[in-house]
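Chemist: Listed here are the chains, written in short residue letters.
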Amino acid sequence: MTSPTLWAITRRSLVKDLRLEWRSKDAINSMLFFALLVVVIFSFGFDPTAEESRKIAGGLLWVAILFATVVALNQTWTRELRNQVLDAYRLSPAPPQALFLSKTIGNFLFVSILEVLMVPLFVVFYNLRSVGPVWQLLVVALLATWALVVNGTFFAALSIRTRSREIMLPLILFPISIPALLAMVDATTSILTGDNSPIFWIRLLAVYDLVFTTVSLILFEPVLNAE
Amino acid sequence: MKILFNVLAVFTLLLLGYGFCQAMYIAPTEATMGDVQRIFYYHLPSAWVAFLLFFVNFLASCWYLTRRSPGADALALASAEVGVSFCTIVLITGPIWARPIWGIWWTWDARLTSTLVLWLIYVSYLVLRHYATGGQVPVLAAALGIFGFVDVPIVYMAIRWFRTQHPQPVIGGGQGTGLDHTMWVAVLWNLAAFAMLALMFVLIRYRQALDEHALEEAHAQASLDYETEGAQ
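Protein chains in written order, with numbering that gives the first Met the number 0: chain A, 0 to 226; chain B, 0 to 231.
Just to be clear, a hint being listed does not mean it is correct.
[Claimed, not checked] What follows is a set of in silico ranges between Cβ atoms, one per label pair, in the way DEER data are often shown:
| hint | chain 1 | residue 1 | chain 2 | residue 2 | range |
| --- | --- | --- | --- | --- | --- |
| 1 | B | T28 | A | I198 | 41 to 49 Å |
| 2 | B | P152 | A | L120 | 46 to 54 Å |
| 3 | A | S23 | B | W104 | 47 to 55 Å |
| 4 | B | G70 | A | N224 | 42 to 50 Å |
Read the hints as simulated data drawn from the structure, not as lab findings. All C-beta atoms in this analysis are idealised placements derived from N, C-alpha and C, irrespective of residue type, glycine included.
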């Protein structure tokens, strides 16, 4: 019998997570409702005209998504604590990277679904119309979402080992994510207003994704096996 | 060991005293800024020492993950703590200088912002160390230390670009280019003094962290012995 490849294990684990989520809808529901609340509260806080909203919408959208992502990320590993599933993972010969990748891809899908549902809401509530090309927004969204979830999934695995884990995750995730957040907000604003070229920010996001995906994959094993 | 440490402590105090004289009395008064500029002799050395300590933290974190030595973890903790303290000095002395010179306490200028973000990253490192429990703390902390350090160049690039796109809100030229010779002397003496001071603090915290580790080990061993005795 040949041992299954990294990708096969990743896929198996991902399918399991998606099935669990499909049946419970824990992460997606809480995330969606949370994001909706943030959008509504923001619109009370600011009362922008169409021109102004183009300038601030990038910031509002990504901050709302960042907060909502934390809600989903916090649930990533808690599920595995029940019945010592995480310990079983440690004992199994499956590569830890497969576990990490499946969790990250799972979170990526959840946050992407959230974005697909949130963006129309933003367009409606804030009266948005993009001046720059919309396909660039799609590129920014993909890179930015990966940037949030790759570090988020890793740090969720760190914070699960601490006291008061729910509050711990944003405390370690936000400082490290500042450059990514700056990049996604400025890229989005550049595209919406059409004032500047977003190319530098898109490159920065790509570099950020590449660097932190690599670091996460290397460091996940010691973190998973930390006693 | 103890004697060596005391000698080092006296030496550091002398250096600090001499550095103070240099900064306050010997270095010339700056032409446009006046005496306020003298805070620079504390600002710059603190900044350099803080950056150096964060680098030490990164090296110690890597060392810990490859070798699992308690010493590396103690060094990582000590350098992060002292680094954050010195970085705090930088962030406090900066605005004190900026207020009379620039007319404002704070501006989101590239260097200020990146220093603040750096400070945030290492504070979050200390928060993690504080909240994590048990023997896994060193591994988790080492992982975060590496993440934090890898983030620094990206932060720097992002913020530089962010700032060059927008007009500078303030003025006032900063330090100007080039320092007077006597000013350099004052800077270097204070740099030496602050580096020694940081080294002292790191040594103290390093010893403490190692002792704490030994104490925990002893506790664990004692309870283990107690259990085996009970079983017999």
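Chemist: All the hints need checking, so say for each whether the structure fits it.
Modeler: Results of checking the hints against the structure:
no.: 1; hint: B:T28 <-> A:I198: 41 to 49 Å; result: 48 Å, holds
no.: 2; hint: B:P152 <-> A:L120: 46 to 54 Å; result: 36 Å, violated
no.: 3; hint: A:S23 <-> B:W104: 47 to 55 Å; result: 50 Å, holds
no.: 4; hint: B:G70 <-> A:N224: 42 to 50 Å; result: 21 Å, violated
Hints 2 and 4 from the list above are not met by this structure, while the remaining hints are.
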